[in-house]
Structures are given as C-alpha cells and as structure tokens.
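A.B. asks: Sequence:
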Amino acid sequence: MRPRVTDIAIPVSGSLAILAALAWVWTAARADMPTCHGMALLPFLVMWTVMMAAMMLPSVIPVVFAFIGLARPRERSVLLATLAFVAGYLVVWALLGLPARGLVDGAARLVATVPALAHGAGVVLVACGLYQLTPLKDACLLHCRVPQLFLGHHWRDGIDGAFLVGAHHGLYCAGCCASLMVVLLVVGMMNLAWMVGLSALIALEKVLPAGRLIGRLAGLALVAVGVARVIA
114 MRPRVTDIAI
124 PVSGSLAILA
134 ALAWVWTAAR
144 ADMPTCHGMA
154 LLPFLVMWTV
164 MMAAMMLPSV
174 IPVVFAFIGL
184 ARPRERSVLL
194 ATLAFVAGYL
204 VVWALLGLPA
214 RGLVDGAARL
224 VATVPALAHG
234 AGVVLVACGL
244 YQLTPLKDAC
254 LLHCRVPQLF
264 LGHHWRDGID
274 GAFLVGAHHG
284 LYCAGCCASL
294 MVVLLVVGMM
304 NLAWMVGLSA
314 LIALEKVLPA
324 GRLIGRLAGL
334 ALVAVGVARV
344 IA
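Residue numbers for the sequence shown follow this note's numbering, beginning at 114 and rising by one.
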C-alpha cells in the first residue's frame with residue numbers, strides 16, 4: 114500500500130522548515146561580519162549556500178507538495194525522489210555562489226580603483242527594479258507560482274530524473290529572484306534586515322494571489338530608491 118501524499122509531504126515539509134530555521138540561526142550568528150570580500154572561496158560558498166537555504170526553502174515547500182503528489186503514483190520511493198528533487202534545487206543555488214563571489218570581489222576591486230563607482234549602487238538598484246517588470250521575470254515567477262505547470266512540462270522519472278527536475282526548478286527560481294539576489298549583494302550579504310525583507314518578498318510573490326502585483330510594486334520601489342540614491 115502506497116503512503117498518502119500527506120504521510121510524506123508533512124514530515125518532509127516540516128524538515129525543510131526546521132532546516133531553514135537552523136540556517137537562519139546560523140546566518141544571524143554571523144550577521145556582524147563586516148564584509149565578504151576577500152573570503153576564501155570554500156567558506157564563501159558554504160556561507161552562501163546556508164543563506165540561500167534560509168531564504169529559499171520556505172517558499173519552495175508548496176512545490177515540494179506538488180512534486181510528492183505527482184511522484185506518488187509514479188515512483189517506487191517517493192521519499193528518495195523528493196529528497197533528490199530538493200537536492201537538485203539546492204545544488205543550483207549553491208553553484209550560483211560562484212558568480213555571486215565574482216560579483217562581490219569584482220565590485221570591491223572596481224570601487225577601490227575608482228571610488229566614485231561607490232555611488233553606482235543606485236544605478237544597480239534601478240536595473241534590479243526594472244527587471245522585476247520584465248516578461249522574463251513574469252515567466253519564471255509563473256513556474257514558481259503554479260508548480261503543477263512546471264512539473265507537468267518538465268517531469269522526469271527516477272531518482273536522477275527527480276534531481277534534474279529539482280535543478281531545473283532551481284534555475285526558474287533563480288530567474289525569478291535574480292534581481293533580488295543582486296540587491297542583497299549591493300546592500301551587503303550579511304545585512305540580516307534586508308535578508309528577512311527579501312525572503313518575505315520572495316515568499317509573498319510566489320504564494321499570494323496578488324504575488325505578481327507585489328513583485329511589480331517592489332520593482333517600482335527599487336527604481337525609486339535607486340533614483341533617489343543617484344541624485345542624492
């Protein structure tokens with residue numbers, strides 16, 4: 114007899130919530146770090162991955178529920194397939210730490226060479242805000258908001274297939290949240306207040322019926338803040 118969806122979804126979702134909470138505790142304990150520039154690559158990637166787990170796992174739980182519902186009649190081990198899906202998702206976010214590290218170090222070197230570029234943060238915020246209004250953002254957000262649509266188009270059987278589906282969803286999620294991650298790099302990766310605010314925004318965009326509108330309003334707000342910084 115196959116387990117019911119809730120028999121797997123509830124403990125898995127609870128475990129993800131606990132993992133996210135632990136990641137938040139770990140991140141908060143390091144919030145007084147002055148900068149990530151100059152940090153060795155491996156510690157940076159560990160820190161980045163934990164931060165992404167804290168920020169992204171809560172909003173991926175509805176997708177995990179949908180995945181379990183589709184996997185139940187198809188997979189021999191729904192639990193293993195679900196764990197593979199989550200692993201694929203997290204691997205994508207971990208690997209995105211590589212370009213994030215490059216952006217952090219590159220920006221620090223540019224500002225050290227041309228101090229006037231420190232005022233360019235406003236331009237970056239404007240660009241991030243405008244991205245929130247683009248069709249690409251909307252397309253990626255749709256796959257996050259309607260997981261059945263994503264899973265129906267990209268489903269693959271087997272444990273390795275589940276891993277690839279999770280990685281594929283991670284790419285859509287990254288496309289949805291790209292501008293907000295850049296904002297985090299601009300204001301400071303260890304800025305806990307911004308982390309909390311951006312995490313809440315990501316969750317609201319994906320879960321609430323008015324999520325698309327919320328994302329667009331956030332984009333307009335970023336444009337306004339960026340313009341204010343440019344002309345200040």
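No lab work stands behind these hints: they were computed from the structure. Be careful, since some hints might not be right.
[Stated by the list, open to error] Cβ pair distances, simulated, as ranges:
| no. | residue 1 | residue 2 | range |
| --- | --- | --- | --- |
| 1 | Leu-154 | Pro-186 | 40 to 46 Å |
| 2 | Ala-306 | Pro-248 | 14 to 20 Å |
| 3 | Leu-317 | Gly-127 | 20 to 26 Å |
| 4 | His-232 | Pro-124 | 25 to 31 Å |
| 5 | Leu-262 | Ala-334 | 40 to 46 Å |
Nothing here was measured: the structure is a model prediction, and the numbers come from that model. For each residue, glycine too, the CB sits at the ideal point set by N, CA and C.
A.B. asks: Looking back at the numbered hints, which does the structure fail to meet, lowest number first?
C.D. replies: 2, 4 and 5
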